[in-house]
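S.K.: The primary structure of each chain is shown beneath.
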Amino acid sequence: MSDFTPLAILAVALLGAPCVWLLEQLTAGVRPAPGQAVQALRLTLRSPLRRPEAYDNVLFHAAPALLLLAAVVALAMVPWAPGFRGIDFQAGALLFAAALAYVTPAMFMAGWGAGRPLAVVGAFRWLALMLAYAMPVAMVVTAVAAPAGSLRPTDIVGVQHAVPMALVQPLALALWLPAVTAVCFLPPFDLPQADAELGGGVFSEYRGLDRVLVTLAQRVLLLAVSGMTAALFLAGWYGPLLPPALWMALKTAAVAALILWGGRRLPRVEVDRALSLAWKVANPLAIVAIVLAGGVTLVFYR
Amino acid sequence: MVLAGWRRSTTAALVIPDEQSWTVWGQDPAAEGITPVLDAGRADRLLVPDQIPDELAEAVRSALEDVPSGTPTEPRALPATAGHFADHVTDQQANNHEHGGRHEHDHGGHENGAGHDHGDDDQHGHEDMMAITGDPSADGLVMEPIEFSFGPLASPLPGGLVADVALDGDVVAECRLRATLRQPAAQAGATPSPADLLASASWTALIAAASQAESGVMVPARARWLRLASIELERAVSHLAWLRALARLLGWPALVQQATAGLFPLLACRHELPLELVLSAPRDATTHDITHLLRLAAAETDRVRRLCESRRLAARTAGRGIVSSRAALTAGVRGPIVRASGVGEDARVDDPLYRALGFTAAVREGGDALARTLLRLDEVDASITLAQAARQRASENAETPPPTVSPLGMILEGPRGPLCAQRLRREWRLSAPGARSALSVAGDAAVGLEWATALVVLVSFDLTPWTVDP
Chain U
1 MSDFTPLAIL AVALLGAPCV WLLEQLTAGV RPAPGQAVQA LRLTLRSPLR
51 RPEAYDNVLF HAAPALLLLA AVVALAMVPW APGFRGIDFQ AGALLFAAAL
101 AYVTPAMFMA GWGAGRPLAV VGAFRWLALM LAYAMPVAMV VTAVAAPAGS
151 LRPTDIVGVQ HAVPMALVQP LALALWLPAV TAVCFLPPFD LPQADAELGG
201 GVFSEYRGLD RVLVTLAQRV LLLAVSGMTA ALFLAGWYGP LLPPALWMAL
251 KTAAVAALIL WGGRRLPRVE VDRALSLAWK VANPLAIVAI VLAGGVTLVF
301 YR
Chain E
1001 MVLAGWRRST TAALVIPDEQ SWTVWGQDPA AEGITPVLDA GRADRLLVPD
1051 QIPDELAEAV RSALEDVPSG TPTEPRALPA TAGHFADHVT DQQANNHEHG
1101 GRHEHDHGGH ENGAGHDHGD DDQHGHEDMM AITGDPSADG LVMEPIEFSF
1151 GPLASPLPGG LVADVALDGD VVAECRLRAT LRQPAAQAGA TPSPADLLAS
1201 ASWTALIAAA SQAESGVMVP ARARWLRLAS IELERAVSHL AWLRALARLL
1251 GWPALVQQAT AGLFPLLACR HELPLELVLS APRDATTHDI THLLRLAAAE
1301 TDRVRRLCES RRLAARTAGR GIVSSRAALT AGVRGPIVRA SGVGEDARVD
1351 DPLYRALGFT AAVREGGDAL ARTLLRLDEV DASITLAQAA RQRASENAET
1401 PPPTVSPLGM ILEGPRGPLC AQRLRREWRL SAPGARSALS VAGDAAVGLE
1451 WATALVVLVS FDLTPWTVDP
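So the sequence lines, in the order shown, correspond to chains U and E. Residue numbers for the first sequence follow our numbering, so the first one is 1 and each next one is one higher. Residue numbers for the second sequence follow our numbering, so the first one is 1001 and each next one is one higher.
Don't take each hint at face value.
Chain U side only, calculated, beta carbon under 7 Å to chain E, not exhaustive [stated by the list, open to error]:
(1) Gly29
(2) Arg31
(3) Pro34
(4) Gly35
(5) Thr44
(6) Asp88
(7) Glu197
(8) Tyr206
(9) Arg211
(10) Gly262
(11) Lys280
(12) Pro284
(13) Arg302
It is worth saying that the hints were derived from the structure and are not from the lab. Note that beta-carbon positions come from the ideal geometry of N, C-alpha and C, so glycine has one too.
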């Protein structure tokens, strides 16, 4: 297969989501209980949808679908192995960042549509957070694309056949990981849906299929950003002995596990602190990373 | 198996009234693999006491409707260690019959398109209907204040506590706390109910001691030592259960896990020293050696301390919600809150039994949320040491100094401050000095803070939902 068909992308999403669930259990030090999880899923699916009719019903129910769509489009940009990749766009890495940007309206629609005060607070938190973290994501993509001279993810993987980008541009990786964790609204950046602070925040009103779509979208998002991290920084499918696709899967799992494990070790970041870190530290450093990337490209990749 | 040593899978549950209460009552939900969630939509189970006070009845009913339909509901008998709710209780079994304990239940309101009720009747959740007043905010920008009530259930505050909040953007403009649960402060009879079910062992021990002192009953020395050990174990459990609630609010699973590891041996100790045995202390009764359990608890608490003394906790709590010693004393706040502000006031200092054990009150400076957290950890350590020493003295049947009863009644230092019992004619007058002041001080401390920080500050006061003062 030279290119993923839309069905194949959906298959990766649907197969990858349970794998992310498994990683969640393992990083929490919990014995996975698939039977219990299936039972909980069935319970959620049987629950009727909630209709916050006094508020914006259309936005409310469209949000989970848009969130899932953004996650699947991002996933489609990930190159899994030579000849086994998603949509092979010329500017795939940029489209990946653009797909992640659609998480922002989806989350805002969810919070605004629910109409509850703390859901709206969660929505505004997210808006502020994503304005701050979208730029580091885009700038880091630019930095790692520079050595390849291309925004095509397969080209970026190809340029790492000798040395992974994580070793060449560690600063870019250090900026990328917190930013994509924030995009996946995972701890310690789970500010818009913080259970104890906002009682579920933007997702507090979702029941039934809506709730399942939100959970699925978050796992697909994590799968997508982990896969793209492996592609952009860890030399993608390159590695000895094992088949390329397996290398890529292992690296993706390792990144996802790292993100999940880190979230358990740290308390949730305060919104003020998260914004301050983004604007005062991450964004200036991202510019530095681009300058460094230019220097590295001139010296080693020409 | 590779995963043999791993924790078993957990179930997300809406825990009513709250996890901290069940733990203090001796039934830690975490021991059964229950992870409490506040977002009803994530709950796969509902844990609820079989009897609930009238004040919470409406909120519980609302919670039953808010969890996904078909969620198993588990009505559970209130443990004997909890005491009992006062006169007016609602039979939860009747509600469960209506709403489906372990049955599928169908909420026509949602399906018929009536939608979720965002109105004022919706008490359980967190928030009521958004109220927009349009008053200008302090910084001159025209904002739309969001007014809502947080509680009395499914909030990080203990079940029964309500915060009436006005948000200016995401900053708290106003915060008023209400403790909605109440036991009669004046009670007749020889054995009144604990006035605060979050400190039921301390209240029970106080009332028993006061009653025995009044009637001139000679209490065996062993019983007095064991009573002290029991009170200290309750304090340690209460503080660690509170810390775990704080860790859940902070979204910090590592601290939740470690606090839970500290709670398990302490709860086992309390199981070995049941309050009935402590109060009566018959000569032939034997109590198991709890030394190894206390050692284990001390070791786990050390690990909790290492996490709490890291910069990770300080980043969220240092400098937040400062209550100066002067402000605390002026407001009449007592207990750990005032000790975290540098005031070494503790009723145990004047107790001959504690003096015999060389007790000195723990004090911290700063008066912020971090100081309150670390002070309670200091008190957990002290309580474990005191419980061990008291258990030792009990086994040796060591002599005890005679109990002292002041004309103002008997005073005992509970987990949240002093508790008083005074006999007036045929009634017991129970009071918890400083409890009411703590509510107003905590509300004031939250004003001007971002919502999440304000919640951390509110929780850092370890407030009780029970109104004790008459």
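S.K.: Decide, hint by hint, whether the structure agrees.
M.R.: Outcome of the hint check:
no.: 1; hint: Gly29; verdict: 6 Å, holds
no.: 2; hint: Arg31; verdict: 5 Å, holds
no.: 3; hint: Pro34; verdict: 9 Å, violated
no.: 4; hint: Gly35; verdict: 9 Å, violated
no.: 5; hint: Thr44; verdict: 6 Å, holds
no.: 6; hint: Asp88; verdict: 38 Å, violated
no.: 7; hint: Glu197; verdict: 5 Å, holds
no.: 8; hint: Tyr206; verdict: 6 Å, holds
no.: 9; hint: Arg211; verdict: 6 Å, holds
no.: 10; hint: Gly262; verdict: 11 Å, violated
no.: 11; hint: Lys280; verdict: 15 Å, violated
no.: 12; hint: Pro284; verdict: 21 Å, violated
no.: 13; hint: Arg302; verdict: 43 Å, violated
Checked against the numbered hints given earlier, this structure breaks hints 3, 4, 6, 10, 11, 12 and 13; the rest are met.
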